[in-house]
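Q: Quick note, the sequences are listed as chains A and B, same order. All residue numbers for the first sequence refer to the working numbering, where the first residue is 207 and numbers rise by one. All residue numbers for the second sequence refer to the working numbering, where the first residue is 211 and numbers rise by one.
Since the hints were made in silico from the structure, they are not lab data. Some hints could be false.
Claimed, not checked - From the derived model, a few chain B residues whose C-beta atoms are all more than 12 angstroms from chain A:
hint, residue
1, Arg243
2, Glu261
3, Gln288
4, Gln345
5, Glu364
6, Trp379
7, Ala432
8, Asp480
9, Ile500
10, Val501
11, Gly527
12, Arg529
13, Pro536
14, Ser542
15, Gly556
16, Ala565
To be verified - Short derived list, chain A residues pointing at chain B, Cβ under 8 angstroms:
hint, residue
17, Pro292
18, Ala293
19, Gly392
20, Leu601
21, Ser602
22, Asp605
As the list claims (entries may be wrong) - Here are the computed distance ranges between Cβ atoms for each label pair:
hint, chain 1, residue 1, chain 2, residue 2, range
23, A, Pro298, B, His479, 14 to 24 angstroms
24, B, Thr417, A, Gln335, 41 to 51 angstroms
25, B, Glu438, A, Asp604, 30 to 40 angstroms
Backbone N, C-alpha and C fix where the C-beta goes; we use that ideal spot for every residue, glycine too.
Here are the chains, one letter per residue:
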Amino acid sequence: MFLGVDVGGTNTDAVLMDGRRLVGAAKVPTTIDVTSGIASAVSELLAQTGRTDSIEAVVVGTTHFTNALLERANLAPTAVMRLSLPATELLPPLVEWPDGLKNAIGGQTYMVGGGNEFDGREISPLNRQDIADAVRDMQARGIRAVAVSGVFSPVDPAHEDQAAAVIHGAAPDLRVCLSHQNGRIGLLERENAAALNACLGEVADSTIQGIERSLEMLGLNVPLFMSQNDGTLMDTSFARQFPVLTISSGPTNSMRGAAYLTGVTDGIVVDIGGTSTDVGALVRGFPRESAVAVELAGVRTNFRIPDVESIALGGGSVISQDPWSIGPESVGYRLTTDALAFGGDTMTATDCAVASGAARLGNPGRVAHLAPELVARATADVQARVETQVDRMKLSRDDVPVVLVGGGSILLGDSLSGASRLMRPEHADVANAIGAAIAQVSGQVERVYSLDSGTRDEAVADCTAAAIARATEAGADRATVEVVDVEEVPLTYVPSNATRVRVKAVGDIAPSALRRPQN
Amino acid sequence: MWTVTEDDLPNIAIGAGILGTGGGGNPYIGQLRARQAMRQWGPVTVLSPHELSDDARVICVGGIGAPTVGIEKVRDLQSYHALRAIEDFVGEKATALISNEIGGSNSVEPLIAAAKAGLPVVDADGMGRAFPEFQMKTFFVYGVPCCPMAVADEKGNSIVVRETISPVWAEKLARAATIQMGCVACYAVAPMTREQVIRTAVPNSLTLARNLGHAVQRARDAGHDPLEAILETCPGRILFTGKVVDVDRRTTSGFARGSLTIEGIDASHDQVMLIDFQNENLVARVDGQIVCTVPDLICAVTTDTGEPVTTELMRYGLRVAVLGFPAPELWSTPEGLAVAGPRAFGYDTDYVPLAV
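Let's have the full structure, built from the sequences with the hints guiding it.
A: See below:
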């Protein structure tokens, strides 16, 4: 059995899954330190189900590491070293970071000879002497982590790997993050991604240790995995290297849970909470990724993040009549005290759903006085806003299956324009924790290939092998790994026929990864 | 005369995005480079063509290579190196720089070289918009030779294409060298005289780009309609308003070609617009009827924020307004249309100027 935990902004949910069967679920308020909320959700769940012996692993979804970026707290003194000279000098590393964040990590940067062309040729030989000098300077400055970025390292990672070896040789304790393991084509964004992971490494270490310790205190001596934002999971050593991959893992867990509960692999998931509604798309069972660069704490990165759009509409959204509006203010977690149907004096979207008969909760008598026109207007308004959002997330004009999850899904009627089917699965209120519990392990690789030196098939085969290796390295069982996505984009204005290939492979957790490492 | 500062760059990006008619690529790297260049070497003076001195020597610089490579091996000072290479070759010094097109990164490339060299730029360019091919420049249409032309990389290599039988050949040879240089380089064309700039360049384009961006930003800040602000700044009209329902892309011989289907809303209700593109938007039809063609400008912006949408970012569900602007006069002549009219792009139709 797998135990899944999802730490949301308001609640921490925990579920125990036996294969496809939900054995138990618990919901507690999220705590500021995250760890104690996880501990109380898990202990409530264990008290309910009364067993720990058959639990094989715990999967936790939390974005706690990335909060450290916003708070600029506990970030390691971090340097960035670029392998590129004589290219790219006008735009040095960290060039557009917010001053506050740059200062928080020390802002030390180095540029040395190295890097590659799009077809794999060297821009210049790797300058090992300059790297060694830079490492000495880092040590003198008390720097504890370094991100290394080479131009076109996704085409050929050799220079980054060799630089890492030089750094390790000179300073074994320095944490090293290589850009080719951190992102896609797009030097500045990939370099930023590596730097963010580098400076978060220590926070990730301590958070993960804290969670492990509290699970042990509950008698759970099983491996811990973390949710990542593509709907898959990673083991803790991987998570320590790539903490930023947890960003936005909440919505993806919800979407994976929704897919799991309904069997829908391609469609739209609408998660209506108390304050906001997240709408995302499932493609072959996984959340669709955003195609545009994303900013994290004011830093532009090309991390993959789920293509999820939020609108300020939820069960607790406040309705005001003059001028007419639903939200963005919400009573949030105070719904059960402040809303009319619960004896409060704030009219919310939920009250109109109760008055219309769509939802059965609270005291319907307390909303009986609401004018039918008002209720009808609110119902239509909510419906239209969700329909517009669903339409924005679709990829074509064909109707698609829509899965409704979240406590606020009572606001919607039985049909939705644009939906071929509208589904409300059982246990939809803990879909996020279920998504964590059922997650598989993935590996994704993007590289650019020159087709002068090989065929397209060879390029795809090479990238596929790398993605499978990455998945296996992250803890997947090689025998179950399958390729779930292959994308090939020819480069424009390159007559020599270069192409960009991206492959994603996914597999079940390897049995070896389920044995708790002895340490 | 005015001075471009760091603060003008975001406005120029929006304006050049609108005038880029779907092409020109991502302006992000170019913007950052221009900002860094100005921080390092100071702001850049902008002269109208008539403010040039009689003995002016104006050099056109621009980027050449693959946009996807340019986001990885980001450009450095290649345009400055190309400028110095062509100056050495012809034995004359530039007194000002000029842009080849007012779209994407090329709109700011001269600002980078000019900041470094301490030169002014001319408030004009060779297209008044963006076009996909090198020879589609008003300079060349009206007899300015495209050679000699220098191409330079970031390593210190440069070549000069001394003479070719046509601009197309100059582009072919320059591109061959560019590939060896790693698919990212810049070029500089032999100097133009004041008379040549006044006669063959599309005037006022940097100012127009800045003003368009400024108008959009102001409208956003004040909660006004950005489309109205755009049309007040640059005379044109709304051709269509709707939702993108299909994007059909294919990459052929290095160009991003395809078409875009937009279903009408509001005033365009019950109608369908189809736009063909080759990097830039070429022809717009409503219910099968042509409503606008090159060289007139066909620009898609989001209806709510007025943000220009390049063809690579087009996707299902986007709400866009398609705006039409009349082509600069230099394009609507027989010589201009021969190079950049609908027939030059393979359409069996005559150019009918957009009525505004």
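Q: For every hint, state whether the structure bears it out.
A: Against the structure, the hints come out as follows:
1. Once the 12 angstroms rule is applied to beta carbons, arginine 243 of chain B is inconsistent with being away from chain A; the minimum gap is 5 angstroms.
2. Chain A leaves glutamate 261 of chain B outside its interface by the beta-carbon criterion, the shortest separation being 29 angstroms against a cut-off of 12 angstroms.
3. Residue placement check: glutamine 288 of chain B does not keep its beta carbon more than 12 angstroms from all beta carbons of chain A (closest about 10 angstroms).
4. With a least CB separation of 15 angstroms from chain A, glutamine 345 of chain B remains clear of the 12 angstroms interface cut-off, as annotated.
5. Look at glutamate 364 of chain B: its CB is around 5 angstroms from the nearest CB on chain A, not clear of 12 angstroms, so calling it non-interface is violated.
6. The beta carbon of tryptophan 379 of chain B is kept farther than 12 angstroms from every beta carbon of chain A, the shortest such distance being approximately 15 angstroms.
7. Every CB of chain A lies more than 12 angstroms from the CB of alanine 432 of chain B, the least distance being 19 angstroms, so the non-interface label holds.
8. The claim that aspartate 480 of chain B lies off the interface holds: its Cβ sits roughly 15 angstroms from the closest Cβ of chain A, which is beyond the 12 angstroms cut-off.
9. With a closest Cβ-Cβ approach of about 24 angstroms to chain A, isoleucine 500 of chain B is found to remain outside the 12 angstroms limit, as its non-interface label requires.
10. Distance check on valine 501 of chain B: its Cβ is at least 22 angstroms (rounded) from any Cβ of chain A, clearing the 12 angstroms threshold; non-interface status holds.
11. For glycine 527 of chain B, the shortest C-beta to C-beta distance to chain A comes to about 4 angstroms, within the 12 angstroms cut-off, and the non-interface label is violated.
12. Under the 12 angstroms C-beta cut-off, the non-interface status given to arginine 529 of chain B relative to chain A is violated; the minimum distance is some 9 angstroms.
13. With a closest Cβ-Cβ approach of about 29 angstroms to chain A, proline 536 of chain B is found to remain outside the 12 angstroms limit, as its non-interface label requires.
14. Residue placement check: serine 542 of chain B keeps its beta carbon more than 12 angstroms from all beta carbons of chain A (closest about 28 angstroms).
15. Consistency note on glycine 556 of chain B: stated as away from chain A, and its beta-carbon is indeed over 12 angstroms from all of that chain's, at 19 angstroms minimum.
16. The non-interface label for alanine 565 of chain B is consistent with chain A: the shortest C-beta to C-beta separation is roughly 32 angstroms, beyond 12 angstroms.
17. Hint status for proline 292 of chain A relative to chain B: holds, with the closest Cβ pair at about 6 angstroms, below 8 angstroms.
18. Proximity of alanine 293 of chain A to chain B holds as hinted, the smallest CB-CB distance being about 5 angstroms (cut-off 8 angstroms).
19. The interface hint given for glycine 392 of chain A holds, since its Cβ lies 5 angstroms from the closest Cβ of chain B, which is under the 8 angstroms cut-off.
20. Annotation: leucine 601 of chain A was flagged as interfacial toward chain B, and the flag holds, the nearest CB pair being 5 angstroms apart, inside 8 angstroms.
21. At about 6 angstroms, the closest approach between the beta carbon of serine 602 of chain A and any beta carbon in chain B falls short of 8 angstroms, and the interface hint on this residue holds.
22. Interface hint at aspartate 605 of chain A: violated, since its Cβ lies 13 angstroms from the closest Cβ of chain B, which is beyond the 8 angstroms cut-off.
23. Evaluation of the 14 to 24 angstroms hint for proline 298 of chain A and histidine 479 of chain B yields a failure: the beta carbon distance comes to about 52 angstroms.
24. For threonine 417 of chain B and glutamine 335 of chain A, the hinted distance range of 41 to 51 angstroms is satisfied, since their beta carbons lie about 50 angstroms from each other.
25. Checked against the given bound of 30 to 40 angstroms, the beta carbons of glutamate 438 of chain B and aspartate 604 of chain A, roughly 35 angstroms apart, stay inside it.
Going through the hint list in order, the structure does not satisfy hints 1, 3, 5, 11, 12, 22, 23.
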